[in-house]
Amino acid sequence: MTDERTASGSPEASGNHWTDALSGRTIVALATVGVLGLLGVAAVVAPESTAGGLFGVIVSTSTLSATLRLSVPIVFAAVGGIFAEKSGVINIGLEGLLIISAFSAIYGADVTGSLLAGFVVGVVSATALAGLFAVVCIEFRADQIIAGLAIWLIALGLAPFLSQVVYGGPNTESVGTLGTWTVPVLAEIPLLGAFFDAAPPVYLMFLAVGGAWYTLNRTAFGRWVRAAGENPRALDTAGVDVSRVRYAAVLLSGALSGMGGAALAFNIGQFTGNGPTMVNGKGFIAIVAYLFGNYNPVGALGSTMLFAGLDAVQLRLQTQQIVGVPDSLVQTIPFVAVIVVLALVGKTRIPEAAGEHYESGEE
Amino acid sequence: MSDDSEDRPGPADDGDDGPAPPADGGADDGTSPSGRLRAYALTMAKTSAGERALIALSALVLSMLVGTVIIVVGGVIATCRTPVLTLADLTLCYDPIAVYDRLFFGALGDPLSGGWSPLNPQFAVTLRETTILVFTGLSVALAFRAGIFNIGTQGQMVVGALSTALGVLWIAPALSGVGGTLVLVPVGIAIGALGGGFYGAIPGALKAYADANEVITTIMLNFVATLMVRYLVTDHFQDPTSQAVQTASLPEYAQFPAVLFDPRLDFSLLALGFAVAVVGGVYYLLEYTTFGFDLRTAGLQPAAAEYGGVDSPRTVLASLTLSGALGGVAGAVYVLMVLGKFQTGVPSYGFDGITVSILAGNNPIGAVFAALLFGVLKSGSTVVDFATDVPPQLVGVLRGLIILFVAMPEFFRLIGRRIQPEDTEPARATGASTDD
Chain A
277 MTDERTASGS PEASGNHWTD ALSGRTIVAL ATVGVLGLLG VAAVVAPEST
327 AGGLFGVIVS TSTLSATLRL SVPIVFAAVG GIFAEKSGVI NIGLEGLLII
377 SAFSAIYGAD VTGSLLAGFV VGVVSATALA GLFAVVCIEF RADQIIAGLA
427 IWLIALGLAP FLSQVVYGGP NTESVGTLGT WTVPVLAEIP LLGAFFDAAP
477 PVYLMFLAVG GAWYTLNRTA FGRWVRAAGE NPRALDTAGV DVSRVRYAAV
527 LLSGALSGMG GAALAFNIGQ FTGNGPTMVN GKGFIAIVAY LFGNYNPVGA
577 LGSTMLFAGL DAVQLRLQTQ QIVGVPDSLV QTIPFVAVIV VLALVGKTRI
627 PEAAGEHYES GEE
Chain B
134 MSDDSEDRPG PADDGDDGPA PPADGGADDG TSPSGRLRAY ALTMAKTSAG
184 ERALIALSAL VLSMLVGTVI IVVGGVIATC RTPVLTLADL TLCYDPIAVY
234 DRLFFGALGD PLSGGWSPLN PQFAVTLRET TILVFTGLSV ALAFRAGIFN
284 IGTQGQMVVG ALSTALGVLW IAPALSGVGG TLVLVPVGIA IGALGGGFYG
334 AIPGALKAYA DANEVITTIM LNFVATLMVR YLVTDHFQDP TSQAVQTASL
384 PEYAQFPAVL FDPRLDFSLL ALGFAVAVVG GVYYLLEYTT FGFDLRTAGL
434 QPAAAEYGGV DSPRTVLASL TLSGALGGVA GAVYVLMVLG KFQTGVPSYG
484 FDGITVSILA GNNPIGAVFA ALLFGVLKSG STVVDFATDV PPQLVGVLRG
534 LIILFVAMPE FFRLIGRRIQ PEDTEPARAT GASTDD
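Those protein sequence lines, which keep their order, are chains A and B.
All letters in the first sequence, in the order written, are residues 277 to 639 by our numbering.
All letters in the second sequence, in the order written, are residues 134 to 569 by our numbering.
These aren't lab readings, by the way, just hints derived from the structure by calculation.
The model shown is predicted, which means the values in this text are computed figures rather than measured ones.
Built from N, CA and C at the ideal position, the CB exists for glycine as well.
Any given hint might turn out to be false.
Unchecked claim - Covered by chain B, according to a simulated footprint, are these stretches of chain A (three or more residues, beta-carbon under 8 Å): (1) 416–426; (2) 433–447; (3) 460–474.
Unchecked claim - Each pair of labels, with its calculated beta carbon distance range: (4) A:325 to B:424: 32 to 38 Å; (5) B:181 to A:445: 45 to 51 Å; (6) B:424 to A:544: 25 to 31 Å; (7) A:595 to B:304: 48 to 54 Å.
Unchecked claim - Stretch-level coverage of chain B by chain A, calculated; a stretch enters the list once three of its residues show a Cβ under 8 Å from a Cβ in chain A: (8) 314–323; (9) 331–345; (10) 452–459; (11) 479–492; (12) 521–530.
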């Protein structure tokens, strides 16, 4: 996967869990490469076989573009989750933030007639919900896990409720989709051309990952965020308000998830609110993605692309009857992958003070 | 993978010297989500029953107030032919009072109007929902007491429901009549418990032996369960005469017999009685058995439990298995009492179970009252849907709000302090321990 060194930015990565986590990550990385290699060999030896066909599906420009497209909401939520958890607030409500922004982005676009305005509405609403979560956790010392679940359940009820109010059903009307930005020449490259012929949120995603990495590791705010999660008392002693840093980090997680949710909705130009809604667990997959990526935005991108890649392959397999396995079973692949990865990674070294309320001594 | 870091021995007296809630930043256990959960469970355990009931009630009232705002805002956004209120350009389509009237009185079958009978159809629906919610609430509560957050009750219920339906369909042809009922209903419940227990054992083993966070694994397993049962039913057990994804119907004698209530109402007093009996059983298990003691100790003081000889991984596995089995029983009752077959798209009883448990402070007996409240809300939402234009998803929003408010007892203490300012000092210092 991606380089692990950058993740060791946290000063006191205690060796034990770290090596454990690393070995789990290595296993997954090796397994991924191994499976791809085997399929590749099969494709060369017997191009007509199932394995050969599968390799053809995996290594294709359209699968890569689908992977990128499917990665967008997960990566945004994961990067947001990194900020929140690094600052000491475990935000398990990312799913809810994605749901609320997916709906409000469509609603905003429908009312204003502009996708860009809709995007902004999505970001604002997710940030507002994250703000509520922040107040509840930081001001009223709620249990973060339970409050996060509440945020998810509120959004899970509220978005279809509002859709029903406005559109008379759990699904909204269609507002149109974002087009693609194509970089001339580069888009023609076989396979990798997918990186240069994508919807705007895909480029924004790479920007967000780079920006988040830089912010966390190279700026004063990044240091504060990490200190608020690792050693809030030291940060307090240094004269920085821990609560304010945590508020900023949680609001940032809302804004980033908002972008993810809006991008997800604009993919198909509609919000669908039946059952688990169109977000369908992406917020929870994002949590596993950043745990697996060891709180490193680049690592989170890598692990997301693994999950999203499996999802993309799964979607392609449904349309092309290459493997004789029923759709429902194939659809479980990404979820099972998440469980397997989590079991392999085991305990991650979460920030020392994550989940704890911090009370400044001055009060 | 599991190493010594799993239950890093925190100070055994953690939390004893200052029964302070999460306020105390020094709590060593708080370094993991489940550690936080333990701290929370500790807070809940030290909160008096009276205070807990007060918090639950206040949370309900506050959620309804916020719900009112949502109804009004929704009513302004919505367009309708006959608004209940018109102010200049604004039209209000929904009447919040009518909504809550339908939600509560509607669910009970209008007890204030004349000729009310406890056997009325809507009240039967309320009790039916209550019965299933008791089981899902117990499922979540049992895990919670062990310091484990089982979000997977929904999936365990789905697996249990399908297991029950398939098992009973397989055995039923060999039996008939009252004898058939006497055998099939208990056997069906047992099969459901096995199925759900197995499905709960998966995240249990993953947590116990691979240290995988159960919040995530159980949520993922919910998705897997939904997809797996859809595959199993469509590809192997589909009722050929039906458009819906469902199994064949169980024979009448394989279902819970209705007592007093009209059989068409899909409610059986026997099932409710069974639910109450299980509540007693779980209460006894938790409070009066060695296993229950181990479980509670593991939830509150994992380090002390380990020191006292509790096999922590085994307790984790056993708790989640048992929790899953209760979820499976919920599924079995859903099949044997309500549906009479298995059909995909099981309602979200599992998620409601989280609310029921949290509202009840994870107390099995409290879960009965919380389940009744939620039974009213769920049953009432169908009345609301029928009688008003307000979308029934409102209850989903209320569910989330209630959890949110219950999660922040500090908020209510703050209000309490505002009302009684003389209590400020002790309340500040000792938090939850003031039970007056």
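Taking the hints in turn, this is what the structure says about them:
no.	hint	in the structure
1	416–426	holds (count 10)
2	433–447	holds (count 9)
3	460–474	violated (count 0)
4	A:325 to B:424: 32 to 38 Å	53 Å, violated
5	B:181 to A:445: 45 to 51 Å	46 Å, holds
6	B:424 to A:544: 25 to 31 Å	50 Å, violated
7	A:595 to B:304: 48 to 54 Å	41 Å, violated
8	314–323	violated (count 0)
9	331–345	holds (count 4)
10	452–459	violated (count 0)
11	479–492	holds (count 4)
12	521–530	holds (count 6)
The structure is inconsistent with the numbered hints 3, 4, 6, 7, 8, 10, although it conforms to all the rest.
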